[in-house]
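My request is simple: use the sequences and hints to build the entire structure.
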Amino acid sequence: MENKAQFEQENSVDLSLPANTSEYAPEVEAERKVTSDTAKGEEEPKVTNDATKVEAENSNFKVEEKRGKEPARNNRMKKNIKGFASTLAAGVIGSVLTLTILPHTDYVKNFQSQADDQPVQIQQTGPQAKPVSAQAGNTNSIANTVERVSKAIVGIENYQQQQSVDFFGNTTGPSQNVEQGSGSGVIFEKKNGHAYIVTNNHVVEGASKLEVSLYDGTKTQATVVGTDALTDLAVLKIDEKNVNATAEFGDSATLRPGDQVYAIGNPLGSELSRTVTQGIVSATNRSISVPTSAGNWETTVIQTDAAINPGNSGGALINPEGQIVGINSMKISESGVEGLGFAIPSNDVIPIVNQLIKNGKIERPYLGIGLADLNEVPQIYWGDLPKDVTKGVIVMNIDPNSAAARAGFQPKDVIVSMNGEKISSSAELRKYLYTKVKSGDDIKCEIYRDGKLKTLTVKLTNKRTAD
Numbered sequence: 021m022e023n024k025a026q027f028e029q030e031n032s033v034d035l036s037l038p039a040n041t042s043e044y045a046p047e048v049e050a051e052r053k054v055t056s057d058t059a060k061g062e063e064e065p066k067v068t069n070d071a072t073k074v075e076a077e078n079s080n081f082k083v084e085e086k087r088g089k090e091p092a093r094n095n096r097m098k099k100n101i102k103g104f105a106s107t108l109a110a111g112v113i114g115s116v117l118t119l120t121i122l123p124h125t126d127y128v129k130n131f132q133s134q135a136d137d138q139p140v141q142i143q144q145t146g147p148q149a150k151p152v153s154a155q156a157g158n159t160n161s162i163a164n165t166v167e168r169v170s171k172a173i174v175g176i177e178n179y180q181q182q183q184s185v186d187f188f189g190n191t192t193g194p195s196q197n198v199e200q201g202s203g204s205g206v207i208f209e210k211k212n213g214h215a216y217i218v219t220n221n222h223v224v225e226g227a228s229k230l231e232v233s234l235y236d237g238t239k240t241q242a243t244v245v246g247t248d249a250l251t252d253l254a255v256l257k258i259d260e261k262n263v264n265a266t267a268e269f270g271d272s273a274t275l276r277p278g279d280q281v282y283a284i285g286n287p288l289g290s291e292l293s294r295t296v297t298q299g300i301v302s303a304t305n306r307s308i309s310v311p312t313s314a315g316n317w318e319t320t321v322i323q324t325d326a327a328i329n330p331g332n333s334g335g336a337l338i339n340p341e342g343q344i345v346g347i348n349s350m351k352i353s354e355s356g357v358e359g360l361g362f363a364i365p366s367n368d369v370i371p372i373v374n375q376l377i378k379n380g381k382i383e384r385p386y387l388g389i390g391l392a393d394l395n396e397v398p399q400i401y402w403g404d405l406p407k408d409v410t411k412g413v414i415v416m417n418i419d420p421n422s423a424a425a426r427a428g429f430q431p432k433d434v435i436v437s438m439n440g441e442k443i444s445s446s447a448e449l450r451k452y453l454y455t456k457v458k459s460g461d462d463i464k465c466e467i468y469r470d471g472k473l474k475t476l477t478v479k480l481t482n483k484r485t486a487d
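Residue numbers for the sequence shown follow the working numbering, beginning at 21 and rising by one.
Worth flagging that the hints you see were computed from the coordinates, not collected in a lab.
It is possible that some hints are incorrect.
[To be verified] Derived DSSO-like pairs (lysine-lysine); straight-line CA-CA distance at most 30 Å:
1) Lys458 to Lys479
2) Lys442 to Lys456
3) Lys378 to Lys458
4) Lys411 to Lys474
5) Lys432 to Lys472
As structure tokens, this is what we get:
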């Protein structure tokens with residue numbers, strides 16, 4: 021490119037007319053005059069760039085050629101071409117000598133030695149690719165916890181005797197075991213060749229046969245160890261030979277609203293066995309009234325929004341550590357209601373389970389009276405109660421061989437307190453008897469009879485020794 025620029029510059033200079041006078045001055049002056057006469061009356065052109073200048077010079081060259089000055093121009097052109105050729109030849113020869121001789125000198129070796137000592141650096145302007153490698157899963161993940169606990173979750177199928185009946189209502193043939201329902205259970209202990217399962221009482225109630233499905237699909241028959249209708253708990257036992265895992269109880273008292281919990285069970289039967297649902301603790305120590313086969317009971321429960329469906333009953337409610345913090349028991353299934361499930365706290369489950377294993381049933385004080393809430397009875401049966409008495413428990417009937425009969429209770433008596441603690445419902449009365457006192461204790465009951473307040477003292481016993 022430098023040679024070309026130089027060539028263009030030299031050509032421009034050599035093609036220009038000399039400014040001083042020479043032997044050709046008269047001819048040049050005449051030529052200018054001819055040019056001036058030719059351009060007379062026309063606008064004088066403006067030179068704006070080198071191309072215009074070259075064109076003007078070329079025009080002069082043509083005029084000069086017409087004037088017979090060809091020998092002088094040819095001499096100048098030859099001289100310029102000769103100078104350019106000499107310059108070009110010198111450049112070519114110099115390059116050849118450099119490429120031929122320089123590799124055999126120390127300059128290249130020294131330069132290469134310095135270059136070798138410098139580390140090669142590559143700068144990337146785009147995002148750098150990172151190596152891909154397989155990552156081991158978190159050994160403490162909830163998936164591992166659920167997998168471990170699920171091995172202790174079982175399905176329970178309740179079979180009951182059913183008689184075949186013909187069109188006319190007559191029984192035909194022997195009775196058969198027919199599946200009436202299903203639920204879940206948790207294996208919590210292995211002892212003396214047996215594995216013990218905790219579940220809900222309503223899952224096993226009325227069963228003539230109970231079939232348990234284990235984690236590996238094995239089915240075995242279970243035996244009832246003991247049940248408690250009021251707390252809705254039951255304990256079963258099976259042969260331990262096919263049992264490989266047990267679950268452990270945690271401390272439900274540590275739960276707080278917002279804690280993560282997971283429900284594991286068999287909703288809608290064994291087809292969906294060991295389904296896991298996630299939720300949080302919505303409330304602790306929630307008290308709700310529950311109708312049972314032994315009467316209404318004020319149950320203390322854990323409220324959760326983890327999905328609990330039919331068949332989940334008796335399954336485990338676990339914390340992220342995999343400990344049982346509750347036994348799933350019930351849900352509110354009214355239309356438009358979602359996320360209201362309830363579990364029996366593990367701290368309430370443990371003493372019941374231990375007592376069922378030891379005695380086969382729960383030993384509680386036995387008062388021996390039939391009860392009804394005052395606000396559920398028409399006021400015509402209230403008698404002469406004072407107008408300010410609107411809550412209490414009416415005695416409907418009395419077991420003649422009970423502690424209540426010996427203490428002098430009568431039908432239509434209205435119980436309003438026990439040992440100074442107000443009683444407003446039958447559930448509160450049972451709760452007080454079964455949690456605050458025990459067999460052998462004396463309690464003072466305030467009652468209204470014929471509109472008058474009286475106090476009766478009862479020595480509590482259990483049903484077996486009542487007579």
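Here is what the structure says about each hint:
1. Restraint check for Lys458 and Lys479: satisfied, since their Cα atoms lie roughly 10 Å apart, inside the 30 Å limit.
2. Of the pairs offered as hints, the one joining Lys442 and Lys456 holds, with about 13 Å between alpha carbons and a cut-off of 30 Å not exceeded.
3. Proposed proximity of Lys378 and Lys458 is supported: the alpha carbons are some 18 Å apart, at most 30 Å.
4. A distance of roughly 16 Å separates the Cα atoms of Lys411 and Lys474; the hinted pair therefore holds under the 30 Å criterion.
5. For the suggested pair Lys432 and Lys472, the alpha carbons sit about 12 Å apart, so the restraint of at most 30 Å is met.
Checked against the numbered hints above, the structure violates none of them.
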